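Line by line, the protein sequences give chains A and B.
In terms of the numbering used here, the first sequence has 39 at position 39, counting the first letter as 1, and numbering is strictly consecutive.
In terms of the numbering used here, the second sequence has 240 at position 3, counting the first letter as 1, and numbering is strictly consecutive.
If you're looking for bench data, these hints aren't it; they were derived computationally from the structure.
Where hints are given, some of them may not hold.
Stated by the list, open to error - Simulated restraints, written as ranges between beta carbons of each label pair:
(1) A/A30 - B/S411: 29 to 37 Å
(2) A/S63 - B/G403: 30 to 38 Å
(3) B/R265 - A/T19: 26 to 34 Å
(4) A/T78 - B/R309: 17 to 25 Å
(5) A/G177 - B/E266: 54 to 62 Å
(6) A/M1 - B/D312: 31 to 39 Å
(7) B/S306 - A/S63: 18 to 26 Å
(8) A/H188 - B/A335: 24 to 32 Å
(9) A/H188 - B/L310: 20 to 28 Å
(10) A/D8 - B/V404: 23 to 31 Å
(11) A/A18 - B/T394: 35 to 43 Å
(12) A/E12 - B/T408: 17 to 25 Å
(13) A/T78 - B/G368: 39 to 47 Å
Said to hold, decoys possible - Below, computed lysine to aspartate or glutamate pairings styled on EDC-like, alpha-carbon distance capped at 20 Å:
(14) A/K7 - B/E422
(15) B/K419 - A/D49
(16) B/K419 - A/E12
Unchecked claim - Chain B stretches covered by chain A per the calculated footprint, using a threshold of three residues with CB under 8 Å from any CB of chain A:
(17) 288 to 299
(18) 320 to 329
(19) 366 to 372
(20) 393 to 407
Treat the numbers as computed from the prediction; the structure is a model and nothing was measured.
Even glycine gets a Cβ: it sits at the ideal position worked out from N, Cα and C.
Spelled out from the first residue to the last, the chains are:
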Amino acid sequence: MPCEHYKDALIEVAASGATPSGELYAHLDACTSCRDAFVEEQTLFAAIDSGLHTAANTEVPVSLLPRVRARLDEAITTQRHWIQPLGFASAGVALAFLLLLIVRPHGNVPNNVPKQTPAAPTPMAPAAGTHIEISPSSIQVASTTPNLLHTPRTSTVKHSAASSHPEILVPPDEREGLAQLVAMLNQHKDFAAAFLAPRPEKKDALVTVDPLLISDLEIKPLEGTETETSDGTGERH
Amino acid sequence: MQELVLNQPVSTARSELVREAAQADARREFEERLAECGPLAFRVARGVLRNTADAEDVAQEALLRAYKSFHRLRDRSRFRGWLVRISFRVALDRLRSAKRREQRDTLWAKPEHLPPVASAEEIAASKQFQGHLDRALEELPEKLRLVLLLSAMDGYTIEEISSMMGVPLGTVKSRIFIARKKLAEKLRCHANTIKMR
Ligand SMILES: [Zn+2]
């Protein structure tokens, strides 16, 4: 057993890995039990460090990185499998919604509504008597304006060969949702105009964005009023 | 005649492309860090679990979690420290759930059965001592434990650990010192029963 007085000091020194000095050095030189205790402490800390080093530096399995890469690939693929159908489904529903809005009757749409739709230079004339039929095999959209629907490449809209009505083709899994949507729209008929975006005809054109039309601005200084300068400070005329 | 404007499918496709490009970038960036940080994640996990197979599983899990949250890490220079924490946390969770599953027999209780060994290396190499050390490590406060583990790993200086953990150098040093002393307190009685030459 080490002397009680030097016990903590010799543990501190052993823990720090330093060499004993001063009073402790003198005592260790004279006291065998403290010297033995000090050697035991040094051995203990060395054993701890050695054990930690062994535990902390285990060889990394060669399979680790390939397995991580495989799991990352798997995670990415899974994510895509979720996102793609979601994207297509929402696109399909949005498309069907647009089509339904286009063919719905406009007789009861207030006059100010078309003004709120973006880029509508020639607002579509509402057709009275438009009605929507949903058949089990396809969504039939019957309209009194048969040439209303142009078919872009990305669209699922087709003119039915057998009927004068245009026909909407939807995937089977979206048919039920579309049917519910039609039923809902038939109940709330004034949803339509806000979503309409008719535009001048462009044959065979894919989706394009028309340049924003802004009429020329005429800038006139107002007499005797303050106008704002570019730095935000007022300037009197 | 009117043309129906169908923006939705195209914008969906475009956003899909943008998303995929961003994903490819993130993957490339993550891949650059994987070779260095994969082993680090493993060693942290191994230091906690003391089992190579479990540590490999945990390292994979930690790396996968890190990848999934990679976009949230704004300062990419903090990646190592961030990954170390994730690995440490996942390993601790694994250890706790494993403990709940099985009541392990503790080597802790029977120091008198230890065979006599001589040097520090031999003590450290003995299964009994390693068992005690593992136990003592488990009982260390987490902050001390992680820093001690990192300091025992080859290739990381105290300065690197300090920047990895985002704590001052002096704090790292004192944590290591305190941790080793706490381990010594727990192991002293066991080491003393191992007859030293
Ligand atoms: Zn003494």
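- Query: When the hints from earlier in the document are held up against this structure, which numbers fail?
  - Reply: Result: hints 3, 5, 6, 8, 9, 11, 18 and 20 break, sorted rising.
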